[in-house]
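So the chains spell out like this:
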Amino acid sequence: MISVTLNGELHELELDPDTPLLWVLRDHLGLTGTRYGCGEGECGACLVHLDGAPVKSCQTPLAAAADRTVTTIEGLSPDGRHPLQLAWILEDVPQCGYCQSGQLMAAAALLNESPRPTDAQIDAAMSGILCRCGTYQRIRRAIQRATNPEARNG
Amino acid sequence: MVETTDACRLTRRTLLKIGALAGGGLLLGLPLHARTEPPDAAPAELAPNAWIRIQGDGRIRLVLARSEMGQGVMTALPMLLAEELEVGLDQIEVESAPVDPAYINQLLGEQATGDSTSVREAWTGLREAGAVARTLLIKVAATTWGVPEAECQARRARVQHADGVRSLTYAELAADAARLPVPDQVTLKSPADWTLIGTRQRRLDTPGKVTGGARFGLDVRLPGMLYATIQPCPVLGGSVRNWRGDAARQTPGVVAVLPVRRGIAVVAETTWAALRGRERLELDCRSPASGIADTDRIRDRLRIGLTGRGTLAHRAGDATTALETAAQRIEALYEVPLQAHACMEPMNCTADVGPDHCAIHAPTQSQQGALATARRLTGLPAERISVQTTLLGGGFGRRREQDFVADAVELSGYLRRPVQVIWTRADDLRHDYYRPMTLHRLHGGLDDQGHPVAWLHRIVGPSVLARLNPSAIHDGIDPSLVAGAVDLAYAIPHLRVEYRRADTPVPAGLWRGGGHTQNAYVTECFLDELAHLAGQDPLHLRRRLLAASPRHLRVLDLAADRAGWTTPPPAGVARGLALVEAFGSLIAEIAEVTLSDNQVRVLRVVCALDCGQIVNPDTVRAQIEGGVVFGLTATLKGAITLADGQVEQGGFDTFPLLRFDEMPAVEVHFVPSESAPGGVSGIGTAAIAPAVANAVFALTGQPVRTLPIRLASGVAVS
Numbered sequence: 041m042i043s044v045t046l047n048g049e050l051h052e053l054e055l056d057p058d059t060p061l062l063w064v065l066r067d068h069l070g071l072t073g074t075r076y077g078c079g080e081g082e083c084g085a086c087l088v089h090l091d092g093a094p095v096k097s098c099q100t101p102l103a104a105a106a107d108r109t110v111t112t113i114e115g116l117s118p119d120g121r122h123p124l125q126l127a128w129i130l131e132d133v134p135q136c137g138y139c140q141s142g143q144l145m146a147a148a149a150l151l152n153e154s155p156r157p158t159d160a161q162i163d164a165a166m167s168g169i170l171c172r173c174g175t176y177q178r179i180r181r182a183i184q185r186a187t188n189p190e191a192r193n194g
Numbered sequence: 012m013v014e015t016t017d018a019c020r021l022t023r024r025t026l027l028k029i030g031a032l033a034g035g036g037l038l039l040g041l042p043l044h045a046r047t048e049p050p051d052a053a054p055a056e057l058a059p060n061a062w063i064r065i066q067g068d069g070r071i072r073l074v075l076a077r078s079e080m081g082q083g084v085m086t087a088l089p090m091l092l093a094e095e096l097e098v099g100l101d102q103i104e105v106e107s108a109p110v111d112p113a114y115i116n117q118l119l120g121e122q123a124t125g126d127s128t129s130v131r132e133a134w135t136g137l138r139e140a141g142a143v144a145r146t147l148l149i150k151v152a153a154t155t156w157g158v159p160e161a162e163c164q165a166r167r168a169r170v171q172h173a174d175g176v177r178s179l180t181y182a183e184l185a186a187d188a189a190r191l192p193v194p195d196q197v198t199l200k201s202p203a204d205w206t207l208i209g210t211r212q213r214r215l216d217t218p219g220k221v222t223g224g225a226r227f228g229l230d231v232r233l234p235g236m237l238y239a240t241i242q243p244c245p246v247l248g249g250s251v252r253n254w255r256g257d258a259a260r261q262t263p264g265v266v267a268v269l270p271v272r273r274g275i276a277v278v279a280e281t282t283w284a285a286l287r288g289r290e291r292l293e294l295d296c297r298s299p300a301s302g303i304a305d306t307d308r309i310r311d312r313l314r315i316g317l318t319g320r321g322t323l324a325h326r327a328g329d330a331t332t333a334l335e336t337a338a339q340r341i342e343a344l345y346e347v348p349l350q351a352h353a354c355m356e357p358m359n360c361t362a363d364v365g366p367d368h369c370a371i372h373a374p375t376q377s378q379q380g381a382l383a384t385a386r387r388l389t390g391l392p393a394e395r396i397s398v399q400t401t402l403l404g405g406g407f408g409r410r411r412e413q414d415f416v417a418d419a420v421e422l423s424g425y426l427r428r429p430v431q432v433i434w435t436r437a438d439d440l441r442h443d444y445y446r447p448m449t450l451h452r453l454h455g456g457l458d459d460q461g462h463p464v465a466w467l468h469r470i471v472g473p474s475v476l477a478r479l480n481p482s483a484i485h486d487g488i489d490p491s492l493v494a495g496a497v498d499l500a501y502a503i504p505h506l507r508v509e510y511r512r513a514d515t516p517v518p519a520g521l522w523r524g525g526g527h528t529q530n531a532y533v534t535e536c537f538l539d540e541l542a543h544l545a546g547q548d549p550l551h552l553r554r555r556l557l558a559a560s561p562r563h564l565r566v567l568d569l570a571a572d573r574a575g576w577t578t579p580p581p582a583g584v585a586r587g588l589a590l591v592e593a594f595g596s597l598i599a600e601i602a603e604v605t606l607s608d609n610q611v612r613v614l615r616v617v618c619a620l621d622c623g624q625i626v627n628p629d630t631v632r633a634q635i636e637g638g639v640v641f642g643l644t645a646t647l648k649g650a651i652t653l654a655d656g657q658v659e660q661g662g663f664d665t666f667p668l669l670r671f672d673e674m675p676a677v678e679v680h681f682v683p684s685e686s687a688p689g690g691v692s693g694i695g696t697a698a699i700a701p702a703v704a705n706a707v708f709a710l711t712g713q714p715v716r717t718l719p720i721r722l723a724s725g726v727a728v729s
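So the sequences go chain by chain: A and B. The opening residue of the first sequence carries number 41 in my numbering; numbering runs sequentially from there. The opening residue of the second sequence carries number 12 in my numbering; numbering runs sequentially from there.
Don't read these hints as lab results, they were simulated from the structure. There could be a bad hint or two in this list.
Looking from chain A toward chain B, a few residues come up when the C-beta cut is under 10 Å (computed) [claimed, not checked]: (1) PRO57; (2) VAL64; (3) ARG66; (4) GLY77; (5) CYS78; (6) ALA85; (7) ARG108; (8) THR109; (9) ILE113; (10) LEU126; (11) PRO134; (12) LEU151; (13) ASN152; (14) GLU153; (15) SER154.
Here are the computed distance ranges between Cβ atoms for each label pair [to be verified]: (16) HIS551/B to SER167/A: 55 to 63 Å; (17) ASP119/A to LEU564/B: 37 to 45 Å; (18) THR45/A to GLU280/B: 50 to 58 Å; (19) GLU80/A to ASP311/B: 53 to 61 Å; (20) ALA164/A to PRO504/B: 20 to 28 Å; (21) ASP119/A to HIS368/B: 48 to 56 Å; (22) LEU50/A to LEU269/B: 37 to 45 Å; (23) SER482/B to GLU54/A: 52 to 60 Å; (24) ILE720/B to GLU54/A: 30 to 38 Å; (25) ASN609/B to THR45/A: 33 to 41 Å.
Among chain B residues calculated to face chain A with C-beta under 10 Å, some are [unchecked claim]: (26) GLY209; (27) LYS220; (28) GLY249; (29) ARG252; (30) ARG255; (31) THR282; (32) PRO581; (33) GLY583; (34) GLY638; (35) VAL639.
Note that the structure is a prediction, hence the values are computed from the model and not measured. Note that beta-carbon positions come from the ideal geometry of N, C-alpha and C, so glycine has one too.
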């Protein structure tokens, strides 16, 4: 039995501890907002927070989450109104949208660490999350908007 | 020109049928007699075939008959309906269309999405559908009040009388409107009265995409559903000779291991169990009779086509003689490599097949193809088959194919349970229908004034449409291989373009921008080679060759102006220009490039676009930004190569995509236009490779004749 606090709720899971967290979320718990893109830790579509830090859930066995806190895109905010989510909507960031859960979770982890990140910090935090549609420029603008209170509602 | 307020006669496809909805509503669909039944289409009586449903409870539902794969059709197409219907985007619900002849994309000849056609194809028909419904609703209101229709105005799902007092909602009018005959003519709104078209509307699909709630193909969950993965032969075209599945079967969670058309399937209670089981399969494959594919061997095969007879694809004047008598001549051989689609959502499909039904849930670009696939595999009649389209995690032409749909239908048919088939990233990269490899030999001649007078272009490559749409091939010419090469806008008096078909064992398919991505790269780079030979500025040369084409000059001049073409760039930076005409649109892109650690770095891309009337400007902007990035990956990063019959790239480590920190600043400037809309998905992709390659040429003095761009070690900036 493995205990995980997931999006604020305690879950007791009787699963193979080697199961990647990605598939625990998607297939066992029905949280499909965390996406499978490569299964090799190369694309970041599956990024979630483990105790607030960004991890690629396809490379994180369930055992590594035991007695820890996991946050997925579904738990990023109670009402979909996290400053990043609002900024993403205002900048119309997503195209196909498949990578965007990972992009948002990477950006949110960055903001947990650095509420007013520099361009270099944004580059470092975001360069591991691939987007085939090419939304990078808008992601940067949305992060800047979310971290600049005057620009939030523009 | 855009239709004006003159009443316009309805086009055939919107000879609409009006029907009543249960509970007193209005339904607008296509009448049976106006249909042309395509092969494999569902019988008319099965599908509701409506574009607009105005329900008695006030709900207004618009049908989306194209696949949302990031290009914004879920917003742009409802905007066309809503504009004429006079409802706000906040007042509607969008639902995806079933398979029905009413929803055929007339530009593609099937119910499918691709080739930058969605808005172009819908432009007239959807507005007319909206206008018909509005006309009927106004008629009912006018009759009810006993006033002339001219005194009634529709706005935000309500008809108001000019007295400012009387008004009725669409919900109240719908039941009576449903009893009226379809008008012969409707009046489309004047562009001056548009409140949606041409204005920035936030995408309707964004909220779900920022909360994780958006449902892609892999997010389909059906009761009792199993998960499956298929191990194909790694050698392209190979087949399984022997296999052992004992260890796979013993993997916890694995339900079945069985041979299917594409290889050996492992079916399990979870995706992870299926993937683990698959790792324990033992496979022995037989090589294909067609031979082992290998990049060098493919290149050799294409090279044969560079000499000998080619099929004439386009001719103007006498290029051979003009070349012989030219004052200066240049010859170049260009090579364009294989490219994968690499959609972020790997191929997948979910199907539920029983003795008398087949339900497909798929991220597909071709609903009609999915239905035909299911008919072929199950033998069921069309009315027993349903196709539900999910969101697509990228399409780029890959999801016009049917291989992933066939996987799920086949497996569910065997197991009689709902099955979701997932391809791994390696499957996705190694078993694609690739943009084909092509070789190009060009000869150019200048007169003694440095003016281009002769242009010969031989294209060698496999046919893409021979498999997908053989009827499109005329006189041996595959239009997708010569697109952009046979319709050069430049006024060169003697032109000759030839195509030599050379099929290879590598599956060839549609790719974002299609043949324009190969031919724009080759022709725009060769034009810069001619400019270099003539000692002319590339912009100046293009302007001279396009002196009689004001529309081309406008995009060139706008891009040049915004990029500051006449102001020299900083030391170590160079600019490259490319102009592309495709899908009814025109784009000029100027790339600013520098070298860092012997790598090309693109700093800025300025795009000037004339795509006719724009429906949703910010989505168009996003499509150009995205097209540039998609093309930059193919320009700078990698390609698909084969060794011993196998694709060598199996992940993003060996098939890298452009990263966040490599993203240039992309600017998109519009040339205002009232022409009918052009396509925008592929054009940004086509122009970026030559723009960057020409900048590298300007920087190093060495033309870039192969992609992706690889600089010789120690290349100096000239």
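Now for the hints, and whether the structure bears them out:
1. For PRO57/A, the interface hint is violated, the least distance from its beta-carbon to any beta-carbon of chain B being 12 Å, above 10 Å.
2. Taken as an interface hint, VAL64/A checks out: its beta carbon lies about 8 Å from the nearest beta carbon of chain B, inside 10 Å.
3. Satisfaction of the interface hint for ARG66/A is found here, the shortest Cβ-Cβ separation to chain B being roughly 7 Å, below the 10 Å cut-off.
4. With its C-beta approaching chain B no nearer than about 5 Å, GLY77/A sits inside the 10 Å limit, and its interface hint holds.
5. With a least beta-carbon distance of about 4 Å to chain B, the hint placing CYS78/A at the interface is held under the 10 Å criterion.
6. The criterion of a C-beta within 10 Å of any C-beta in chain B is met by ALA85/A, whose closest approach is roughly 6 Å, and the hint holds.
7. Of the supplied interface hints, the one on ARG108/A is violated, with its beta-carbon coming no nearer than about 20 Å to a beta-carbon of chain B, more than 10 Å.
8. The closest approach between the C-beta of THR109/A and any C-beta of chain B is roughly 17 Å, which is over the 10 Å cut-off, so the hint fails.
9. A least Cβ separation of about 4 Å between ILE113/A and chain B falls short of the 10 Å threshold, and the interface hint therefore holds.
10. With 10 Å as the threshold, the beta carbon of LEU126/A comes within range of chain B, its nearest partner Cβ sitting at about 9 Å, so the hint holds.
11. Below 10 Å, beta-carbon pairs count as interface contacts, and PRO134/A has one with chain B at about 4 Å; its hint therefore holds.
12. Taking 10 Å as the C-beta contact cut-off toward chain B, the hint placing LEU151/A at the interface is violated, the least distance being around 15 Å.
13. For ASN152/A, the interface hint is violated, since its Cβ never comes within 10 Å of a Cβ in chain B; the closest pair sits about 18 Å apart.
14. At its closest, the beta carbon of GLU153/A sits 17 Å from a beta carbon of chain B; the interface hint therefore is violated under the 10 Å criterion.
15. Because the beta carbon of SER154/A sits about 16 Å from the nearest beta carbon in chain B, more than 10 Å, this interface hint is broken.
16. For the pair HIS551/B and SER167/A, the beta carbons lie near 39 Å from each other, so the given range of 55 to 63 Å is not met.
17. Evaluation of the 37 to 45 Å hint for ASP119/A and LEU564/B yields a failure: the beta carbon distance comes to about 51 Å.
18. At roughly 25 Å, the beta-carbon separation of THR45/A and GLU280/B lies outside the given 50 to 58 Å, and the hint is violated.
19. Evaluation of the 53 to 61 Å hint for GLU80/A and ASP311/B yields a failure: the beta carbon distance comes to about 33 Å.
20. A hinted range of 20 to 28 Å is violated for the C-beta pair ALA164/A and PRO504/B, which are about 55 Å apart.
21. Between ASP119/A and HIS368/B the beta carbons are some 39 Å apart, a value that contradicts the proposed interval 48 to 56 Å.
22. For the hinted restraint 37 to 45 Å between LEU50/A and LEU269/B, the CB-CB distance of approximately 40 Å keeps it satisfied.
23. Evaluation of the 52 to 60 Å hint for SER482/B and GLU54/A yields a pass: the beta carbon distance comes to about 57 Å.
24. Evaluation of the 30 to 38 Å hint for ILE720/B and GLU54/A yields a failure: the beta carbon distance comes to about 53 Å.
25. Hint check: ASN609/B to THR45/A, Cβ distance near 49 Å, so the stated range 33 to 41 Å is violated.
26. Checking GLY209/B against chain A: minimum C-beta separation of about 16 Å lies over 10 Å; hint violated.
27. Because the beta carbon of LYS220/B sits about 3 Å from the nearest beta carbon in chain A, less than 10 Å, this interface hint is met.
28. Contact between GLY249/B and chain A, as hinted, is not supported at the beta carbon level, the nearest pair being about 24 Å apart and thus beyond 10 Å.
29. Because the beta carbon of ARG252/B sits about 28 Å from the nearest beta carbon in chain A, more than 10 Å, this interface hint is broken.
30. With its C-beta approaching chain A no nearer than about 24 Å, ARG255/B sits outside the 10 Å limit, and its interface hint is violated.
31. Interface hint at THR282/B: satisfied, since its Cβ lies 5 Å from the closest Cβ of chain A, which is below the 10 Å cut-off.
32. This hint is violated: PRO581/B has a C-beta 19 Å from the nearest C-beta of chain A, more than the 10 Å allowed.
33. Annotation: GLY583/B was flagged as interfacial toward chain A, and the flag is violated, the nearest CB pair being 21 Å apart, outside 10 Å.
34. With 10 Å as the threshold, the beta carbon of GLY638/B comes within range of chain A, its nearest partner Cβ sitting at about 7 Å, so the hint holds.
35. For VAL639/B, the shortest C-beta to C-beta distance to chain A is roughly 7 Å, which falls under 10 Å, so the interface hint holds.
Of the hints listed earlier, those the structure fails to meet are numbers 1, 7, 8, 12, 13, 14, 15, 16, 17, 18, 19, 20, 21, 24, 25, 26, 28, 29, 30, 32, 33, in rising order.
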